[in-house]
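J.: Protein chains in written order, with this note's numbering: chain A, 1 to 388; chain B, 389 to 698; chain C, 699 to 899.
Think of the hints as simulated: they come from the structure by calculation, not from any bench.
Quick list of the computed label-pair ranges, beta carbon to beta carbon:
{"id": "1", "chain 1": "A", "residue 1": "215", "chain 2": "B", "residue 2": "419", "range": "19 to 29 Å"}
{"id": "2", "chain 1": "A", "residue 1": "132", "chain 2": "B", "residue 2": "676", "range": "37 to 47 Å"}
{"id": "3", "chain 1": "A", "residue 1": "262", "chain 2": "B", "residue 2": "542", "range": "34 to 44 Å"}
{"id": "4", "chain 1": "B", "residue 1": "667", "chain 2": "A", "residue 2": "207", "range": "38 to 48 Å"}
DSSO-like, lysine-lysine: derived pairs with alpha carbons at most 27 Å apart:
{"id": "5", "chain 1": "C", "residue 1": "865", "chain 2": "B", "residue 2": "685"}
{"id": "6", "chain 1": "B", "residue 1": "603", "chain 2": "B", "residue 2": "456"}
{"id": "7", "chain 1": "A", "residue 1": "2", "chain 2": "B", "residue 2": "685"}
{"id": "8", "chain 1": "B", "residue 1": "456", "chain 2": "A", "residue 2": "206"}
{"id": "9", "chain 1": "B", "residue 1": "623", "chain 2": "B", "residue 2": "655"}
Cβ coordinates follow ideal geometry from the N, Cα and C atoms, glycine included.
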Amino acid sequence: MKADPIGVLTGAHYLDGDFACGEGAMAAGCRFVAGYPITPSTEVVERISRRFPTMGGTFIQMEDELASMAAVVGGSWTGTKSMTVTSGPGFSLMMENIGLAAMMETPCVVVNVQRGGPSTGLPTMVGQADVMQARWGSHGDYEIIAMSPQSPQEAFDLTIEAFNLSEIYRVPVMFLMDEIVGHMTERVVIPPADEIEVVPRALTGKTPEEFEPYQINGKPTPEFARAGDGYRFHTTGLTHDERGYPEMSVECQERCVRRLLEKITDNADRIVRFEEEATDDAEVVVVTYGITARVARLAIDMARRRGVKVGSVRLIVIWPFAEKLIRELAGKVRALVVPEINYGQLVLEVERCAAGKCAVLPVSHGGGSVHDPAVIAEVIVKAAAEAA
Amino acid sequence: MSKDKVGTRTDFPPTPPEFLPEQQPDHPVTPYLRMERIPHVWCPGCGIGTVVKCFATALERSGADLDKVSVVSGIGCSGRAAGYLKLDGFHTTHGRAIPFATGLKLGRPELEVAVFSGDGDLSGIGGNHFIHAARRNMDLLVILINNFIYGMTGGQNAPTTPLTAKSSTMPFGNFEAPFNIPHLAASCGAPYVARWTCLHIRRLTWAMEEALDRKGFRLIEVIAPCPTLYSRLNKLGTGLNGMRFYHDNAEIRHGADTRELDIDFQKSITCGKFVDEERPTFLDQMNEHYGQVLGEKYVPMSPEGGWLHG
Amino acid sequence: MASAASERTEIRITGFGGQGVVLAGHIIGHACAINAGMNATMIQSFGPEARGSACSSTLAVSKSEVLYPYIGRPDILVAMSSEGYEKYRDELKDDGTLIYEQDLVQPRVKKGQRSSCVPSTRIAESLGRAIVQNIVMVGFFGAVTGLVPREALSEAVLHSVPPGTEKLNLSAFDRGFEYFEEAVRQSVLEVHRPPLEGVPA
Numbered sequence: 001m002k003a004d005p006i007g008v009l010t011g012a013h014y015l016d017g018d019f020a021c022g023e024g025a026m027a028a029g030c031r032f033v034a035g036y037p038i039t040p041s042t043e044v045v046e047r048i049s050r051r052f053p054t055m056g057g058t059f060i061q062m063e064d065e066l067a068s069m070a071a072v073v074g075g076s077w078t079g080t081k082s083m084t085v086t087s088g089p090g091f092s093l094m095m096e097n098i099g100l101a102a103m104m105e106t107p108c109v110v111v112n113v114q115r116g117g118p119s120t121g122l123p124t125m126v127g128q129a130d131v132m133q134a135r136w137g138s139h140g141d142y143e144i145i146a147m148s149p150q151s152p153q154e155a156f157d158l159t160i161e162a163f164n165l166s167e168i169y170r171v172p173v174m175f176l177m178d179e180i181v182g183h184m185t186e187r188v189v190i191p192p193a194d195e196i197e198v199v200p201r202a203l204t205g206k207t208p209e210e211f212e213p214y215q216i217n218g219k220p221t222p223e224f225a226r227a228g229d230g231y232r233f234h235t236t237g238l239t240h241d242e243r244g245y246p247e248m249s250v251e252c253q254e255r256c257v258r259r260l261l262e263k264i265t266d267n268a269d270r271i272v273r274f275e276e277e278a279t280d281d282a283e284v285v286v287v288t289y290g291i292t293a294r295v296a297r298l299a300i301d302m303a304r305r306r307g308v309k310v311g312s313v314r315l316i317v318i319w320p321f322a323e324k325l326i327r328e329l330a331g332k333v334r335a336l337v338v339p340e341i342n343y344g345q346l347v348l349e350v351e352r353c354a355a356g357k358c359a360v361l362p363v364s365h366g367g368g369s370v371h372d373p374a375v376i377a378e379v380i381v382k383a384a385a386e387a388a
Numbered sequence: 389m390s391k392d393k394v395g396t397r398t399d400f401p402p403t404p405p406e407f408l409p410e411q412q413p414d415h416p417v418t419p420y421l422r423m424e425r426i427p428h429v430w431c432p433g434c435g436i437g438t439v440v441k442c443f444a445t446a447l448e449r450s451g452a453d454l455d456k457v458s459v460v461s462g463i464g465c466s467g468r469a470a471g472y473l474k475l476d477g478f479h480t481t482h483g484r485a486i487p488f489a490t491g492l493k494l495g496r497p498e499l500e501v502a503v504f505s506g507d508g509d510l511s512g513i514g515g516n517h518f519i520h521a522a523r524r525n526m527d528l529l530v531i532l533i534n535n536f537i538y539g540m541t542g543g544q545n546a547p548t549t550p551l552t553a554k555s556s557t558m559p560f561g562n563f564e565a566p567f568n569i570p571h572l573a574a575s576c577g578a579p580y581v582a583r584w585t586c587l588h589i590r591r592l593t594w595a596m597e598e599a600l601d602r603k604g605f606r607l608i609e610v611i612a613p614c615p616t617l618y619s620r621l622n623k624l625g626t627g628l629n630g631m632r633f634y635h636d637n638a639e640i641r642h643g644a645d646t647r648e649l650d651i652d653f654q655k656s657i658t659c660g661k662f663v664d665e666e667r668p669t670f671l672d673q674m675n676e677h678y679g680q681v682l683g684e685k686y687v688p689m690s691p692e693g694g695w696l697h698g
Numbered sequence: 699m700a701s702a703a704s705e706r707t708e709i710r711i712t713g714f715g716g717q718g719v720v721l722a723g724h725i726i727g728h729a730c731a732i733n734a735g736m737n738a739t740m741i742q743s744f745g746p747e748a749r750g751s752a753c754s755s756t757l758a759v760s761k762s763e764v765l766y767p768y769i770g771r772p773d774i775l776v777a778m779s780s781e782g783y784e785k786y787r788d789e790l791k792d793d794g795t796l797i798y799e800q801d802l803v804q805p806r807v808k809k810g811q812r813s814s815c816v817p818s819t820r821i822a823e824s825l826g827r828a829i830v831q832n833i834v835m836v837g838f839f840g841a842v843t844g845l846v847p848r849e850a851l852s853e854a855v856l857h858s859v860p861p862g863t864e865k866l867n868l869s870a871f872d873r874g875f876e877y878f879e880e881a882v883r884q885s886v887l888e889v890h891r892p893p894l895e896g897v898p899a
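Same shape as in the complex, but just chain A:
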């Protein structure tokens, strides 16, 4: 369906990524946000708290991030699209209830404007070191979706998509911004509401007597009933059967957890999104995401001027990981170069998928700034020379 115009600020704006993300959420139909202030993410909720009262949305500043995430899961079970916003330290606190959201199959969006870590780290400066936490941060086996925008415009566009994916697959979607994209101000064009496609909460058509909250009937996800519609359903963070009742058995664990995984892994091809450029005859391909993708393009130009055939892949959806793509590339190219603002996180996935078929070279950066493009260019040129 089309977006509700009340939440769509159509026009060209000069917005930072945080504000653009907030606008994206409102355009996507988000009407409940619970959050706790943390730099550099707070502008997202500042934007939302100013605009929500004019569109039937409620923002609440909770007592901490544990509460924020719990409230978002609760909010979403009313059918109201819900989101929270944080940065690394708060993201760590949210992990408990991100696990709950995954287990209860709750659509919601968790925005993490990444800063340097660990611990309090660099509150006002950039990092990309929450990539693995986004995937593995809560205990147990589960799958999530994670996206990473490279500009304020994408912060808007992809936030809408994050909501849509969370509705389709009933998972928490991690929206991995970073401090630079969050605090960078650029032109953001917001289209008219009737050009924005949003996925509404798909409510079950069954009667309360027929309905079971985790019965999938061959579909990837179960049907949804909102609290307050007379279904009198039960849901729990415990391992549960199709009725949503706790069942502590090996068989039920297998059935319950496997489905949480497979609804994403089986649909990975539909979920994965990336931009590919000049990879056809490339010797070296640079694999990037987020703000680093922009910096890498400068590095690629430098390397090309030095005669290297270099292509690029920009991952827009980080999780599920673009396994198929990387496996294919690894069979074709001499090296994959992976710059990221951490000491080597997504590069581990690239290495895993390359499986020794080509060189995989990280370009690590501890955080606080983007890479110097010349440093990335140097690795590209060297990779091409060594492989040759």
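For this one, chain A is given, so just place chains B and C on it according to the hints.
T.: For chains B and C alone, coordinates are given in the frame of chain A:
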């Protein structure tokens, strides 16, 4: 609930019923329970089931639209209550029942949201949420079942364990000062605060019924025996001994100063309704404030929630 | 100053917290990106102090897409405080342009660099509100650099200031803009030219 499911109960009482299963009369609160999940997990002599029964009775008497009542629990023995009530039920993470319930209430303001959890869950790991929900006067009915101990994990010390009482992690007796739960709630601004024991079935039911009729952060603390752990570790006998103790030592003092409600080990337990006043809830205040400041520009969330119609 | 941004133009605006450094950057960026058809990426940086410390915003303005968000050596340095100037003065390109608050900054300009100054605080005070000092500076910046048309900039001012303050801010903008025009007319711009700093060979 189907009749044949009820039939599974026939093997539970030691003496067989005199009538065929389909003739067996239902317990009055069975329509409010998920009978297919009975027998429950609670120990013989535990007080939690009594509290659930009282709540079901209160719901019935209150005439509330049960389709619009959600019950939220955290983790622990009391946390299982949400799983037995035939309402929209949410069994959440440890300590987070109140913020989860806050999300439900704000996501669909017409809901009546009840939180049903234990002393460790709500005042220990969830203590921060408890005080802030009371401060905001979030529109939640909170039933805190206090058995003075972490039951499900094996009798560890709780923020409510009375001084000198033994627990599995204070084997030589507790030396930490416990919370006075009604005082904690009242001092954070809760407009309805009561305490009963699970011996006081009629008064507890009545308090729940009354609380369902109030708004804002309503706290009912229910003292319940834990014969398996608290009573055993402290040599207090069975659940029945616990009830006898309440009978002899519970003192009803409505309107008592909440500062005087500390519970000492095996001393008197002051029960009653301590606070019952009107105070605008979070949503009342939000609606009024935005209405004043923003005037016609203010669009409150619909009682049905801010959901998109598909 | 090289006029239209055919290539990438890098700008740093610095001052002390509370002077409206970020708003000044935002207005210039808005004028370029929304009103003048260019690309403009603004980054703000600030210390943990909300007031007082040197803070700055940077802009990369280009007709083509801005990839690298940070600036290297700015083409234009706008200094509204002495501390900010001292912190960032060495970055300015050898042929760059310094624009500074005449009463608050004592610059040492290298050979090849141009400089223009404006008593923006005094002008703002004369309008009754020292707080619009940054808008005076934006106007002056627009006139000195010719980076964007005056209307694009003044529209951005109107778009960015709190409702009810448009008139005040617009006159601050005009006063800043016209201060430069007047100075050029009277050829007095070099009057305030500060002593040249020795340029290393």
